[in-house]
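Trainee: The chain contents come next:
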Amino acid sequence: MHTLMQCLQRLRVLGVILMLAVLTAGLVSTAQAADPDQELNQAVGTINADTWREVKNGENFIDTRHDSTYSLINTSGETWRQIRNDWISPAGLIALGSMLAILVIFYLIVGRNDLDEERTGRKLLRWTALERAMHWTVATLFIVLALTGLNLLYGKFVFRHAFGDAFWANLIALTKLTHNYVGPVFGILLLLMLAKWLTVNLPRKHDWQWFKQGGGMVGNKHPDAGFANAGEKAWYWILASVGLLVIVSGFVLDFPLFGQTRDNMQWANMFHAVTSLILMAVALGHIYIGTLGTEGALEGMTTGYVDETWAKQHHNLWYEEVKDSAGQPEQQNPPVDDDTATANRPN
Amino acid sequence: MAQMKFLCDAERCIECNGCVTACKNANETEWGIQRRRVVTLDDGQPSEVSISVACMHCDDAPCMAVCPTDCFYKTDDGIVLHDKDICIGCGYCLYACPFGAPQFPKQNAFGERGKMDKCTFCAGGPAETKEEEYEKYGANRIAEGKLPLCAEMCSTKALLAGDAQTISDIFRQRVVYRGHKDGGWSSVDKAQASAPDVSANLDNMAYDATRAEK
Chain F
1 MHTLMQCLQR LRVLGVILML AVLTAGLVST AQAADPDQEL NQAVGTINAD
51 TWREVKNGEN FIDTRHDSTY SLINTSGETW RQIRNDWISP AGLIALGSML
101 AILVIFYLIV GRNDLDEERT GRKLLRWTAL ERAMHWTVAT LFIVLALTGL
151 NLLYGKFVFR HAFGDAFWAN LIALTKLTHN YVGPVFGILL LLMLAKWLTV
201 NLPRKHDWQW FKQGGGMVGN KHPDAGFANA GEKAWYWILA SVGLLVIVSG
251 FVLDFPLFGQ TRDNMQWANM FHAVTSLILM AVALGHIYIG TLGTEGALEG
301 MTTGYVDETW AKQHHNLWYE EVKDSAGQPE QQNPPVDDDT ATANRPN
Chain G
1 MAQMKFLCDA ERCIECNGCV TACKNANETE WGIQRRRVVT LDDGQPSEVS
51 ISVACMHCDD APCMAVCPTD CFYKTDDGIV LHDKDICIGC GYCLYACPFG
101 APQFPKQNAF GERGKMDKCT FCAGGPAETK EEEYEKYGAN RIAEGKLPLC
151 AEMCSTKALL AGDAQTISDI FRQRVVYRGH KDGGWSSVDK AQASAPDVSA
201 NLDNMAYDAT RAEK
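Chains as they are written, first to last, in the UniProt record's numbering: chain F, 1 to 347; chain G, 1 to 214.
For reference, chain G alone in the conformation it holds in the complex (with noise of 0.2 angstroms):
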């Protein structure tokens, strides 16, 4: 069984916000409710850098295990989903979650927050009727055999979503061909590289195909 996961390739994407406008358009959520976002970390900077979040859908996810009412699940492809007739609107989900996912429709006195709603990695959710699952968690493009919207209309394929493992092989590809020593998320020094001896470290960082090789 696939392992369905998102990656965000952090070199590729350039905060342009097409994927949360795509989810937006898909799922049509309600109004404040945004389920992907897009995090820019040193804006302005030259180390500046992006990163599309939304639900990460965990091996082990957290809301699921903090759930005073139980209401998600995990499907074969590991997609968490959650019945929104069960949730009660508690809130706890949302403290437990890494990535800010779980979000709801209103925050009022007596914690009158509304049904959680999150990112579904386009799979929707239980219900009697396909209208219904419309209405309640938006499109389920996954049950007409198409990954989510999000991920198909990135338009520098930053993001990616399918099976871990088919996914995890397009980001390996890219990194071996960026020439990153350590791999994508690699710890080299960005420090090294504006020093004066730049031209000295290069090579154990990065090259491309215009860069003899020594």
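Bound-form chain F, shown alone (with noise of 0.2 angstroms):
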């Protein structure tokens, strides 16, 4: 019985040996009969130029994330990111700059553009409640945006610095939160007042002779003028225009909701920023010749009322029209007739 256990477990033994030695042996001839050209053709070494187009536009390409639209590299962000910050950035700044130091020149050497007569105290209703409460909406809100973009391109150099983390990271959320919240808002009123004002913005021949004259700072005569002269013509198709792009960049930036790339974002981004810059280098204009630089021009949006002579002076058409309804003199607070001031507006 002794001997034969041990047979059998030198047997066992014996045949882990040689089983061993097959799966050996057939490992190295595995190895031997390995094909370098099969190796070669499983191996990589295709980064071709059609590889690196294939990776730049997403081509025949699959992802593990999820929802993933991303390709392996996307090249356009960094054009996006030197557009941005090399061009746009510095642009936007000597834009406003340049526009302020202009402002503040032609205040200094030409200052403000009077009224050429006394003032009559009769007054001629030119802007409703409605359009008043319209225009210091859009113009709060117009301010509102403005800050808080420029705080989102600017920011980052001034208040970081200058008031610490807590501050700053209290100050961009809130920045962040009120423009896209506001900016919607903004988006529609500004359509519902261009909607409001653009019969009375309809260009007409004698605008030409306005720009020409240079709003009446070239030669003697003020230029003709109806309800609205060139330059608030000018400045309602430039928010027409520009500010039609910035509404829908906007729209685009601030909904990411309807399957917008990367790239969709970028250039809405880009946009956005050029247009909105162009608007507040332009707005700063209007500011100016509207509070500062014009006589008699404020009080027309705050009370709705100008005076006579100011009518006469810059707007000689509508004056012409509805001088027979001006307030009388003693009248300390004429009577909020709406009709007058939406009966009769020639452009």
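Among the clues, some could well be false.
Claimed, not checked - Quick look at which bits of chain G chain F covers, simulated, 3 or more residues with Cβ under 8 angstroms:
no. : segment
1   : 63 to 72
2   : 102 to 111
3   : 160 to 168
Worth flagging that the hints you see were computed from the coordinates, not collected in a lab.
Using N, Cα and C, we set each Cβ at its ideal position, and we do this for glycine too.
Once you've looked at the hints, go ahead and assemble the two chains, each given alone in its own frame, into the complex.
Mentor: As structure tokens, this is what we get:
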């Protein structure tokens, strides 16, 4: 019995050794049978122009991330970064800075555009309560959006260093929130305002003459102007074109729910930045002319009424239409009569 | 100082997604956030190739350059991190990033995206306590002297993480061993390999140990 067991064990060991030997031989033979041509065909080594084109365009490509629309390498990102950081950002500062400088210089040299004659005290209703409410709401939202927008573009160079991380974190979070929620409201109101003032801003022949005379700066005579002069019309049409681009691009950025790609967002961002910076620069001019630049202009938009002299000087064609409805001098608070403002508005 | 980098050896990547899973597990990222992804080109064709991608911790990081909040910073090890307390979720980093690394937990109206999340090279982020750090940014393995878990768990060691010099040396050795004439990402034309004169071109392209040198 004892020897039989030993024999069996030896056999088992032998068997194991034999099996190992066979396996090893098999492995070696496989290795020897390796076909380098086959290996070559399986090797990567194919990174050529076509591959990079595929990588760039996201062709023949799958990705293990859920809902992923990203290509392997997004080359447009760097282009966007360069255009935004190296061109739009400095250009915006230059545009706003030079606009401010021009206005300051203009004010110092030319000064306020005063009324040529004494005020008669007779008042004409120029802007209805609805129009004034609309204007000031849009104006307020515009300023809020401009300041928050500027903070998004330039704030990091100023406030973080000046006031520290905690202040900056709250400021910039509030900035984005405000900008994104106020933006659509501004967009809708601006469209309503454009619709409301469309008819009075349709171009007329005398507008060309107004521009040639620089709105009255060239020559002695004031150029003809209807309810809106050519300068106001220009501002209107800038808002109706550039402003519309601001609204559309802003909508694309604010509502990323329609399958916008990164490329779409980059374009929308560049459009939005450029157009809104243009609007801001022109708005500076509008604000200057409406406040410091022209005597008697601001009261039209605050009280709704303008002086007869002002109307005659700046909007002679409109004045001719509505002069008979002017309030009497003794009336301290002329009655609000919206009809006078809306009845006749020759442009 | 070390300059930490990832390097994925596409020759070795077998698209097992182990790195993706390891990352998700190590960092316990939010639902829907997957910091690492595996991209496969020409899936199912002979020229199929896969590569694992996440934040590449760029030297000149576009995300840092465009961030309106300036919430990004680079550690001494060259790792690009960001402060979620300052991030406003504007999405600009995603527009700029070449690799689609930044992700957002939401994508709602009025640009409500939540705080951006991306690969931290397993280096955590700015926080008061360790718990807060883990909650916001995931693991800080670097602080424990460990490398990112994705690379550590890569079964074929395709994904390398570490000091740029070290991992590029490893890759260079592999390339030399493989015998590519022009390096790992060579510009050799595969068309030549499948052509009848494959043997003639072979020495210019690749060989292995079983093939006798001429």
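Trainee: Evaluate each hint against the coordinates.
Mentor: For each hint, the structure was consulted:
no.: 1; hint: 63 to 72; result: holds (count 6)
no.: 2; hint: 102 to 111; result: holds (count 5)
no.: 3; hint: 160 to 168; result: violated (count 0)
Hint check: a violation occurs at hint 3 only; the rest are consistent with the structure.
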